[in-house]
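Chains A and B supply the protein sequences, listed in that same order. Numbering-wise (the numbering used here), the first sequence opens with residue 203 and increments by one. Numbering-wise (the numbering used here), the second sequence opens with residue 5 and increments by one.
Calculated from the structure, these hints are not laboratory results. Predicted model only: the values in this text are computed from it and were never measured. For each residue, glycine too, the CB sits at the ideal point set by N, CA and C. Fair warning: there could be bad hints in the mix.
What the hints assert, rightly or not - Chain A residues, not near chain B, derived (Cβ > 12 angstroms throughout):
id, residue
1, P210
2, T218
3, S222
4, K224
5, P271
6, Q284
7, E286
Unchecked claim - Only some residues are given here: those of chain B computed to face chain A with a beta carbon under 10 angstroms:
id, residue
8, S53
9, S106
10, G107
11, L110
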Amino acid sequence: DTEVTQTPKHLVMGMTNKKSLKCEQHMGHRAMYWYKQKAKKPPELMFVYSYEKLSINESVPSRFSPECPNSSLLNLHLHALQPEDSALYLCASSPLTANNEQFFGPGTRLTVL
Amino acid sequence: RKEVEQDPGPFNVPEGATVAFNCTYSNSASQSFFWYRQDCRKEPKLLMSVYSSGNEDGRFTAQLNRASQYISLLIRDSKLSDSATYLCVVGYSSASKIIFGSGTRLSIRP
Numbered sequence: 203d204t205e206v207t208q209t210p211k212h213l214v215m216g217m218t219n220k221k222s223l224k225c226e227q228h229m230g231h232r233a234m235y236w237y238k239q240k241a242k243k244p245p246e247l248m249f250v251y252s253y254e255k256l257s258i259n260e261s262v263p264s265r266f267s268p269e270c271p272n273s274s275l276l277n278l279h280l281h282a283l284q285p286e287d288s289a290l291y292l293c294a295s296s297p298l299t300a301n302n303e304q305f306f307g308p309g310t311r312l313t314v315l
Numbered sequence: 005r006k007e008v009e010q011d012p013g014p015f016n017v018p019e020g021a022t023v024a025f026n027c028t029y030s031n032s033a034s035q036s037f038f039w040y041r042q043d044c045r046k047e048p049k050l051l052m053s054v055y056s057s058g059n060e061d062g063r064f065t066a067q068l069n070r071a072s073q074y075i076s077l078l079i080r081d082s083k084l085s086d087s088a089t090y091l092c093v094v095g096y097s098s099a100s101k102i103i104f105g106s107g108t109r110l111s112i113r114p
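Make a model of the complete structure from these sequences and hints.
Structure representation (structure tokens):
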């Protein structure tokens with residue numbers, strides 16, 4: 203299984219809502235990532251989990267809260283988002299080998315009203 | 005100066021043409037190098053890793069020059085299906101982190 207899956211595919215939420223994005227991989231990868239991508243821009247790293255521990259937080263606002271329940275799962279909890287947070291949210295995983303290629307899920311397209 | 009810089013594009017070339025993309029990176033501590041392609045409204049997909057010895061995968065050839073901190077991608081005999089944005093990506097193994105270039109948009113016309 204060489205796939206990273208993400209749910210939901212699309213999400214529309216109000217600024218007062220709480221929602222969660224989910225990501226799963228069964229490749230035995232030990233690192234998982236959250237990225238945010240705006241139109242016509244490259245992905246921007248948000249968080250990195252290595253061996254289920256948060257290793258990088260790229261100064262992301264606290265309205266985004268990551269969680270790694272186990273080595274296969276990664277969640278991103280959303281609360282009190284702003285319209286400018288509307289974007290494609292991508293999850294990735296990597297094996298933490300020397301080359302460490304990252305494999306991306308299809309993303310969740312988030313719209314904040 | 006951006007850490008990873010790419011040709012801005014867009015490139016618009018006829019089917020069958022050869023097209024080359026260039027990329028430079030600023031951090032000499034970079035340890036891994038990749039080309040990803042991204043189709044409109046889809047996720048980035050790994051096209052190939054890039055090694056100092058150069059590597060080829062069918063119509064695609066990637067080169068790395070560590071001394072000049074330069075990466076290239078050559079696409080021969082381009083197909084309509086090659087139309088996409090090509091992202092140059094540089095990695096730092098110690099930080100489990102990769103840095104994306106801004107991407108080069110390629111359109112292949114019939």
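Worksheet item: Which numbered hints does this structure break?
Response: Hint 11 contradicted; others consistent.
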